[in-house]
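Protein chains: 2
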Amino acid sequence: MTERYHIDANLEKPGQSAFLDDEESHHFLRVMRGRPGDTIEIFGHGHRFSAEVLEAKKNQPVEITLLQKLPTPEPMPITICCVIPWIRGGKSETLVQKLTELGIQHIILFHSKRETAHGGEAKLSRLRRIAIEACKQCGRNELPIIHESENLKLALETIVAPSDSRLILYENERTLNLTTALKKIPLNPTAPLLLASGPEGGFSPDEVAAVSEIATSVTLGPLILRAETAPLVAASATLALAGRF
Amino acid sequence: MTERYHIDANLEKPGQSAFLDDEESHHFLRVMRGRPGDTIEIFGHGHRFSAEVLEAKKNQPVEITLLQKLPTPEPMPITICCVIPWIRGGKSETLVQKLTELGIQHIILFHSKRETAHGGEAKLSRLRRIAIEACKQCGRNELPIIHESENLKLALETIVAPSDSRLILYENERTLNLTTALKKIPLNPTAPLLLASGPEGGFSPDEVAAVSEIATSVTLGPLILRAETAPLVAASATLALAGRF
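Chains as they are written, first to last, in the working numbering: chain A, 1 to 245; chain B, 1001 to 1245.
Hints listed in this document are in silico derivations from the structure and should not be mistaken for laboratory results. Worth double-checking, as some hints may not be accurate.
Using 20 Å as the maximum straight-line C-alpha spacing, the simulated EDC-like pairs for lysine to aspartate or glutamate come out as follows [as the list claims (entries may be wrong)]:
#, chain 1, residue 1, chain 2, residue 2
1, B, K1091, A, E93
2, A, K136, B, E1200
3, A, K136, B, E1171
4, A, K91, B, E1133
5, B, K1136, A, E200
6, B, K1091, A, E3
7, B, K1136, A, E171
8, A, K153, A, E213
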C-alpha cells in the first residue's frame, strides 16, 4: 500500500492544494525521507486521493496537490457509537485502535465509578493520533469522532436515540442477549446504535440504575469478558448482524 | 468472585480429594497467603466445585477435598477452532487470552510464511498458563486445547471438517462474506468450524493456494484488520450468528 497521509479538510477535486499538519509533515520528511515530486496518498473526511508533493522543507508544513480521486471502501451499514470507560494500562488506546479498524464512527470515553484512570485533552489527542494511524493501516478514510464524557449518563445522552438503541453490556443482566435486542431495532446508518461497556470490575449498580430510563441492559453471554474485550466483541457481533462481513 | 484454582483432572463428586499443581499451589500459598481450612473454588474439565484446603505446606502440592458441585455456565452453541499464526510482540498471547474468554474450544498456532515469530513447547506452555488465568477470570471451567502446527495446511487438517466449514479470512477475497458463508453451514456443537487468519502482511498467495481444496476463503469486510484483531472479530461474529449472545 502507498504511504497514506491524513488531511483534516474536505478534499474535493484534482488540482486542489493542501498542507499536511505538523505530525504528518514530520512523518513524510523525517521518517519516510520524502521529497518534492513524490506521489503519496491523501485521505480525510471520507475521501481518498493520490497527490503530488509540491513543497517539503524542514519544519514547514508539506504542501501537496491532489491528483486523482481514488475509490473508497463501501460505507458502513450502520452507525455505531461505542461508549467505553477510560481503562488503565494503555487499554483504552488499544480499544480505540481496534474500534477504528472496525469502522466504528463514534467513540465516547467516560469516567466510570469503578475506574480511576484519568482522561483529559492530552489523552484524547493521543487517542485521535492512534485513530489516524489505524485509518492509515486499515484503509479507512474518515476518522472516528472521539470525545469524553463525565459519566455514563452524559455519555449516552450525547447521541439522540430511543432507549432500545442504547445498549448497556451489563454482567448482572442474565436474560436479554445482545443479538436478541439487536433483532428488535432498525440496523441502518440513520438509526444510531450506542453500545456501552464497563470498566474492570464492571459497572456499579448505581451507574446502571441512573440510566435505566434511557438505555437497555443486555448480556454478552455467560462468561465475563474483560473491559477491553467486551466492546470489540459487541461491535463485531453487531456488524455481523448488520451484514458488514 | 472466590479465588479459583485449576485442576487438570476429572472432578467427580464431593469428598474426592486432589492436589493443585506446582504453580497453583505456589499461587495459593505465596500470593494469596492461603492456609489449611480455607474454602476455595476448583475448576477443570468443565466442572466446578467448592473445596476445602486440607494440607498446604511450602514447596509441596496443596491438597484439597471437594465440598459441593457448583453450577456451570451454559455450554457453547458451536465448536470453534481458531487457527492463528504465531505473531511477535506478545500478540499471540493476547489473542489466546481473548479467545479463551470467548469460549473458543480449540486454538492452533501455525507458522505462517510471512511471519518470523518462533513457537515451541515453552511458548505453548506459556499460552496454556495464560488460558488458565483467563478461565479463572471469565468463569470458564475447561481449558481450550492449544497446540502448534508447522503450516496452515497441517493446522487445518488437524480437525476433520468439510471445506465449507474451514474458513480462511483472506484479504484478497472480495466476494464471499464471513456471515454469508456461515449461513450456509450447520452451526452446532457437533459440526466443528475452523476460522483461520493470517499474520501481519496477510497470507501469502501460495499459502492460500495450498489449502484451496480443503478450505473456503471469506472476507471480513472492506477494511484491513490487524493480525491480532481479525480472529477475535471473526469468532465474535460467528458466536453472534450461533446465538451465544
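Status of each hint after checking the structure:
A C-alpha spacing of about 15 Å is found between K1091 (chain B) and E93 (chain A), which places the hinted pair at or below 20 Å, so the restraint holds. A threshold of 20 Å between alpha carbons decides the hint, and for K136 (chain A) with E1200 (chain B) the separation of about 15 Å falls inside it, so the pair holds. Restraint check for K136 (chain A) and E1171 (chain B): the C-alpha separation of about 16 Å stays at or below 20 Å, so the hint holds. For a cut-off of 20 Å, the pair hint linking K91 (chain A) to E1133 (chain B) stands: about 18 Å separates their Cα positions.
In summary, the hint linking K1136 (chain B) to E200 (chain A) is supported, as the alpha carbons are separated by about 15 Å, within the 20 Å threshold. A hinted pair counts as satisfied when its Cα atoms are at most 20 Å apart, and K1091 (chain B) with E3 (chain A) does not qualify at roughly 24 Å. Between K1136 (chain B) and E171 (chain A), the direct Cα distance comes to roughly 16 Å. Compliance with the 20 Å bound is thereby established for this hinted pair. Under the criterion of a C-alpha separation no larger than 20 Å, the hint pairing K153 (chain A) with E213 (chain A) is consistent with the structure, at around 10 Å.
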